[in-house]
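Listed here are the chains, written in short residue letters.
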Amino acid sequence: GGDDDEPAAEPAAESDTETTEPETETTEPETETTDATETTDAADTTEAPSGDASGFASMEEIAATCPADIAPDKLVLSTWASQEELIGPSFDSFTEATGVEIEFLANDLGDRLTKMAAESGSPTIDVAIVPINEAAPLFENGVTEAADETILNYEQLLDVAKMEAGYGGSIIQFGIAYNPEFVTEVPTSWADLLSDDFADHIAFPTMPNSGGYATLAMLNRMEGGTDDDLTAAVELIGENSDKIATFYPNSPAVEPQVAAGEVWIYPDIGGAALASMDRGNPIEFTIPEEGGPVGMNTLVVPAGSDHLPCTLAFISHFIGQEVQEAWAEKLYYGSVSSNFVVPEGLTVYPNDPSTIVEVDWATMSANGPDTIDLWNRVVVG
Amino acid sequence: MRRLAPAGLIGPVTVVVGVGAIGPLIVLLLYSFGILGNIEDPGTQLYTEILGDSYFRGTFVRSLRLALTVSIVSLVVAVPLAFRISRSRGWARTLLTCLVVLPLLINIVVRNLGWVLVLSPNGVLNSWLEPIGVSQSFLGTVTGIGLVLVHVSVPLVVLPLLASIDRLDPAQSEAARALGAHPAVAFVRFTLPAIAPGLLAGAVLSFVIGIGSLVTPIFLGQGRTMVIPTLIVQQISTFRWERAAALSMLLFALVVGVVVAMQRISQRMARGRTERSRRRGPILRPRPLTDAAARLNHLPTFDGLRRWVSRVYLVVMTAFLLLPMVVVLKTAVDDSQIPTASWHGFTTEWLQAAIREDGYRTQLLLSFRLAIVAVGLGLVLSLAASWAIARYRFPGRDAVVAFLMSPLLMPQAALAVGFVLFFLILQTDPSFERLLFAHVVVTIPYMTRVLVSTFENIDARMEEAAAACGARPLTVFRKITLPLVRSGVFTACLFGFLQSFDEAAISVLIASGDTTTLPVKLMSDMSFQPSPVGAAISAILIVAVVAVVVPLERRFGISSSAVLAGRDDD
Amino acid sequence: MAIDVNDPAVAPTATTDPTSRPAVAAAAEPGAARLRIEGLTKTYVEKDGPVLTGIDLAVAEGELVSLLGPSGCGKSTLLRIVAGFIDPSGGSVAIDGRDVTTVPTHRRNVGIVHQSHALWPHLTVAENVAFGLEMRRVKRDERARRASEMLELVGLGGYERRVPGELSGGQQQRVSLARALVIEPDVLLLDEPLSSLDANLRVYLRDEIRRIQRDLGVTTIFVTHDREEAMAVSDRIVVLDGGRIAQTGSAVDLYRTPVSHFVMSFTGATVEFSGTVADDRGRRVVHSDLGLPCPAPSGLAVGDDVTLCIRPDDFVLGGSAGDEAAVVRGRLVDAAFLGTSAEIRVAIDAADGPTDVLVRLPARQHERLPDVGAPIELTVERDHVHVFATPTAA
Amino acid sequence: MAIDVNDPAVAPTATTDPTSRPAVAAAAEPGAARLRIEGLTKTYVEKDGPVLTGIDLAVAEGELVSLLGPSGCGKSTLLRIVAGFIDPSGGSVAIDGRDVTTVPTHRRNVGIVHQSHALWPHLTVAENVAFGLEMRRVKRDERARRASEMLELVGLGGYERRVPGELSGGQQQRVSLARALVIEPDVLLLDEPLSSLDANLRVYLRDEIRRIQRDLGVTTIFVTHDREEAMAVSDRIVVLDGGRIAQTGSAVDLYRTPVSHFVMSFTGATVEFSGTVADDRGRRVVHSDLGLPCPAPSGLAVGDDVTLCIRPDDFVLGGSAGDEAAVVRGRLVDAAFLGTSAEIRVAIDAADGPTDVLVRLPARQHERLPDVGAPIELTVERDHVHVFATPTAA
Ligand SMILES: Nc1ncnc2c1ncn2[C@@H]1O[C@H](COP(=O)(O)OP(=O)(O)OP(=O)(O)O)[C@@H](O)[C@H]1O
Ligand SMILES: Nc1ncnc2c1ncn2[C@@H]1O[C@H](COP(=O)(O)OP(=O)(O)OP(=O)(O)O)[C@@H](O)[C@H]1O
Ligand SMILES: NCCCCNCCCN
Ligand SMILES: [Mg+2]
Ligand SMILES: [Mg+2]
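These protein sequence lines map, in sequence, to chains A, B, C and D. Reminder that position 248 of the first sequence reads as 242 in our numbering, one-by-one numbering, no gaps. Reminder that position 230 of the second sequence reads as 250 in our numbering, one-by-one numbering, no gaps. Reminder that position 273 of the third sequence reads as 280 in our numbering, one-by-one numbering, no gaps. Reminder that position 254 of the fourth sequence reads as 261 in our numbering, one-by-one numbering, no gaps.
Rather than coming from a laboratory, the hints here were simulated on the basis of the structure. Hints may be right or wrong, so weigh each one.
Said to hold, decoys possible - Cβ-Cβ distance ranges computed for the label pairs, FRET-style: (1) B:G365 with A:T89: 35 to 41 Å; (2) C:G56 with B:R506: 34 to 40 Å; (3) A:P276 with B:A339: 26 to 32 Å; (4) B:R413 with A:E134: 54 to 60 Å; (5) D:G164 with C:G329: 43 to 49 Å; (6) A:P276 with B:D323: 53 to 59 Å.
As the list claims (entries may be wrong) - To give an idea of the chain A side of the interface with chain B (calculated C-beta under 8 Å), a few residues: (7) F241; (8) A247; (9) N370.
What the hints assert, rightly or not - DSS-like cross-link-like pairs, simulated, lysine-lysine; straight-line CA separation at most 30 Å: (10) A:K324 with A:K68; (11) D:K146 with B:K499; (12) B:K350 with A:K324.
Virtual Cβ for every residue (Gly too), placed ideally from N, Cα, C.
Build the full structure now, drawing on both the sequences and the hints.
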């Protein structure tokens, strides 16, 4: 079991077991922590010049790709609310080195997608963070640029974070959050989400939401389905929808209902659940025995921007140690970089490679519109 | 020269509204037929697909039923309130008016949060109901959505109704009573038809709000209630623009259809028999229903009971209008990071955080600046046009008035999408100016409405008398007209300001990082993660607005010019 | 005098069974008080004091009583209490001896005609008129027949299918009257029914109202602030002053023998002279610019200021003073011909400086007037000089 | 006759230099036509036809001319054209010989008083009055002085600092008048200035207006539909009928020698008999129920229907027929005492059935009336019988 009773558990991935591929990659940072000099040397030998011992490109190197004569005053980063406060400070060094301010445009995912699509060709957003399932459709609709593999720090990305449609920004893992006051036994299965014991006190992600896809994928597999057809899971939710108190667009949105004792159990991102506990939400988090699917916050670059070189420089910074560390510290998200060093004493999810379940995001997002139409009909009504 | 004046004065505002409302509409139309967008061959296939699909039809029916119910319920609860306000004087009138307009003064997202805390299973309402053994969660139900929509509809229904009621000739119902009609019969047969224009204006506004609303179904619907605007937004986020456009057009057509039908009904009510039937039919038409009503005449008038019921009604209504606001105020000073209905202790932490630089200060200032500039421009445009509309009789005058109101009729979601697509086509620079343009367009209908009525209420002879005294036209306007319409101008500005200051649906799609308005940020923040800081900024605004509005209402009588605005001038 | 048919004090038929009250006016006991108001008092707002005080009034079967008084004196309030639209603060209203003070309007059987006509714009003329019958559950054919009959009576036969918007102001007023009359009301209440109409129509309609009221014999209260209107239509006029009855009587009574300065000046034009009460060998007499000494009215002491009031038409052109008449001498300032009469302005020298008096002469005397600026003499008989305590300034 | 000062046909002072026109009325050439309207025509809506047709009118310096006519006859339209608020469709308006037809209002120097007063509620009484002077760049002290003077003149000295809301209707009307007069207008235009006021105030103010107008000698047009008002204030009255001038003359002219049935019935009450033109030995005479044969007016053929109109006050109580008088016999139906006169209704047997006539007698004769229902005789002289072609039914 990968469930932790203490939110601030041991640092991630003490295990060396190589059950799954992502696990291999998640465990790599630890290796590197122990072998920092070696890695630095290794990095040095790659074509990209490396400025420090961490194996990441130095800020001077990054800044050099965004010289002052082409540097805009600012880059607009569109993402969820509250991120400015959490990870904003980790951009200060970039601003200092390049003179480029990072401006946060906080918005709801739907609004972000609509805006990007509407501005397609003449974007006001330079870089956006979207769930992994939304990256491909954006790219296929011509809204975003293909990823540039030549940018600094790209090499060190985990394979999952190297996509045509964008750049991985952080790794997340889904599990179950529950209120131990009402859910007295630690849930062990995704099926517990639909238990009669919790009827009227269950919250479920609505669609489209990456947590929704992830949870549907798990339930679907338990129903004997595969990721390319989520019908069985959608129908299962449809049959059980009476038990579900609310379908939420983001897990933090359900906090008031959790705090009020109305919602007892719901799927959540591991890191988001820990952050929620920090705010005083009376929950625990667990990865069920079936394991927890991993997903990724993805950086996408709207096509047609004048600021592309500096945007890429910023992404290089984003996938470097400082920003990845901020994600880990504030949101307990896993890093996308094989060079990343998890700070001492910090739990990030995924923290146990044995719990990692890989789902087929590409297929699920390709089928997204159909799944949503089905969801509308079967669940929403 | 005299003949050219109206064109010169009305022209600018017509162009702005034309570009701002009709432009987006045309863009939507082109998308929906696949002329723009990614569809292989243009045609009506999207429409046939949507109309042939029982799911879409069902969703249209649900949206329609929701909006109609909201409209009817709003009318039913607003009528007694409007009568009550109409009868009251002095401070009572001020307080009741402020009570009624309060729901308009609070940010939509925060208002919704307030309602969630009131209506959720362990919320305020149930904590009151539990002792008497009833418990009901409205969250995630159409009823809950309807309730919240009624909350914000009530002010928009009361104001036009007040205008009708204030002009009611009480003699009409007195005459009926003297002829033997029970007060209830007199009310239904004579008072209601007489206030039909006010009922119509209110019904139209609340219907449009009900059918176009986006935020409320998301918050209160809890992901289990689909309405057309949600569906439209969902289509867009899955890159099905054309389908979104077709849904928007169908929604718009539905709104126009219902509004026309409402107009018909109201005219029937107000006009009685058709010309034909009264010329051809029997002198007296059979009236089985009212023959039955005559039996009521022997019932008592229940005067005592009525007084009692009216008191209870006022208390319930006050609670209904105030409750979500009280909850927001509570959340703003309650020592809990997660907004709840229960009390944890007093803190000013959230209030302080709200006005910090990294709180809402920047957005607050931006919204303020935007609203001021939008109202300034809107005022210049609508002042000129309203004066011309009120003073001149020219062909197409009614059409111009209707046209200037058209942004009100377009469902918010459709208008927002239309705007974005429109800007996309125009390839304008993203900027404060885009935002400003959209805001001017949405404030103009409100401002024009108030100003036209205000000017019409000013005796044109006052201006003539000044001309006879030797004053040139501009001098007349400056020294006589403007001072006389002061309170109307003030009210128009207040309405315009609030409209702009609370606009989110369109702004969110236009906003960039440094042009994120307060409501957009609140919406982004609160829909992601409800926080007491969002409640705190709203609480500050509620208090500020009340502190500004109450004295101004006392001084200028905003309510009466707002009431004028609701007047139906047919 | 033929038109003075009223008898103010009529015994109430207090014992009539209220449930069996006759629907048609004609069936009631003749000469009985159809309407009896006793001790009626109304206060709207405590601090403003009462709007009506101790009103007692009995209106006989078939009688038309006018309430005449300045704006705000409480005329409408009184009428609205009778109609049951507002409750009195004290006192009672009885119709046919049945106390209706707490009976709601719709069970009082009163007809009402408002100044604003108050027709229902969405109903046809016939529907307007038939409404009261509908409320009495009269069959449809019968309703149509009786509405048409009533419209015929008010001179609007054939207008059944119009809507009020298609009628002139005068026609609307007549529909309003028909609507009030068709229910055969016990009491007909008219609140300034003519004041929104123009002068010619007003005269025409007031005569019509009077004719119809006589024909139907319906007991009527007519509210007006126009003295000529009141005089033209009434059997009896009640002059109200500040919520109290100042005087009740026929038009002749009020015009010729007003009891107070208020009644005199409200019921017609006056020419006024000031005077004082003096002692003339033990008798209190009034001395004034008029020369002619008059007996002082009772209740006044020597030295009190009085006002001598004369109707402008009580002056006769030419000077022929005797014991019982005074001659006023002055210069003709101005003369206006008003059709049926001529109004002249004469400047006289009074004790307290020169003053103008406005005198009204039969129009034919107009031709006998001297030139403007020439001396003129006017005679007035002592009987036509009314002496009142000088009212305290408003 | 003293009040009949006007001479309708006055020569225009067409050669006066428009730029040097005198600011004060008194300085103008006496007797000149201050205002001259020629061939004025106005059509608002083509399909409704003209509202004014071929109006010619010259108003002399200091003259007060009333426009009298029924509602909708175009009185206000004419006035508003003179003020420059609307443009005429044809014809011209000249003030002091200067054609102002296309001059905007603010450069015409006219004073206007509206029925609704149209005071500016946001300005004090003094500011209202002084506004016109401000527009003329008069210095502030001077403005204050002249405004106060004018207020004094209209009897409102000391009211400078009030706002219009604090004045009664009559006081407001006087402020409005002061505001119009203070600019020493070439022409003063009054559009039913009194119709919103009550009867007593109306009489008082019309006399005030007349007095002030005389004192200042300002050329004035007074619009009204109240014949008594027109007669009381005017030097000359213009009767308008459907946008045309029906007759122009003094009050006496219009009352005693009306040129048409319209003018006769609009300027006073009439008692009407119908008759026909017959041939009496080559002369066309009128036969009627009245008995007395009258000469037929010119322009009528034998067999034409005519109406014989008599002023109700031209009847004398009692029968004393001679060659030149007719006696009407009937029964007294009703008598109403109206203060200065008495109105009686007499039923007579006319050829086409019994009819009622309404006759007005001097009030004192009221006392000599027989009982209601008794026979009565009335005499009318032939000179007082006006014969007109019967108007075609409206
Ligand atoms: N509903 C009310 N509340 C308070 N005061 C009232 C009300 N109705 C009338 N009054 C006051 O009562 C007094 C008498 O009013 P009422 O309407 O009876 O006068 P009126 O004689 O009919 O006057 P008018 O000739 O102007 O119609 C007035 O001073 C009026 O202001
Ligand atoms: N602006 C307008 N447009 C069209 N028709 C008009 C306009 N103003 C007046 N009329 C019409 O012109 C005619 C004359 O109107 P006007 O106002 O001059 O009449 P009036 O004699 O002043 O009547 P009243 O006594 O009712 O004031 C009426 O038939 C009226 O309907
Ligand atoms: N506060 C962090 C917000 C990130 C939320 N990500 C949710 C979507 C992941 N697929
Ligand atoms: Mg009244
Ligand atoms: Mg007019």
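Report task. Go ahead and decide if the range 43 to 49 Å is satisfied by the Cβ distance of G164 of chain D to G329 of chain C. Result -> holds (44 Å)
**Report entry** Interface hint compliance - A247 of chain A to chain B, C-beta minimum distance less than 8 Å
**Finding:** holds (6 Å)
Query raised in the report: Does the Cβ-Cβ separation between G56 of chain C and R506 of chain B fall within 34 to 40 Å?
Result: holds (36 Å)
Report task. Please test the hint of 54 to 60 Å on the beta carbon pair from R413 of chain B and E134 of chain A. Result -> holds (58 Å)
Query raised in the report: Any CB of chain B closer than 8 Å to the CB of F241 of chain A?
Result: With Cβ-Cβ at 3 Å, under 8 Å, it holds.
Report task. Look at the Cβ atoms of P276 of chain A and A339 of chain B and judge whether their distance stays inside 26 to 32 Å. Result -> Once the Cβ atoms are compared, 30 Å apart, the range 26 to 32 Å for A339 of chain B and P276 of chain A holds.
Requested in this report: May I ask you to test the hint 35 to 41 Å on the CB atoms belonging to G365 of chain B and T89 of chain A?
Outcome: holds (39 Å)
Query - Given pair status - K324 of chain A, K350 of chain B, alpha carbons within 30 Å - result: With a Cα-Cα distance of about 29 Å, the restraint between K350 of chain B and K324 of chain A holds, given a limit of 30 Å.
Query raised in the report: Is the straight-line distance between the alpha-carbon of K146 of chain D and that of K499 of chain B 30 Å or less?
Result: holds (18 Å)
Query raised in the report: Taken at face value, is the distance from the CA of K68 of chain A to the CA of K324 of chain A at most 30 Å?
Result: holds (24 Å)
**Report entry** Cβ distance range 53 to 59 Å for P276 of chain A and D323 of chain B, holds or violated
**Finding:** The hinted range 53 to 59 Å holds for P276 of chain A and D323 of chain B, with Cβ atoms some 54 Å apart.
Query - Agreement of hint N370 of chain A with chain B interface, Cβ distance less than 8 Å - result: holds (6 Å)
Hint compliance for this structure: every hint is met.
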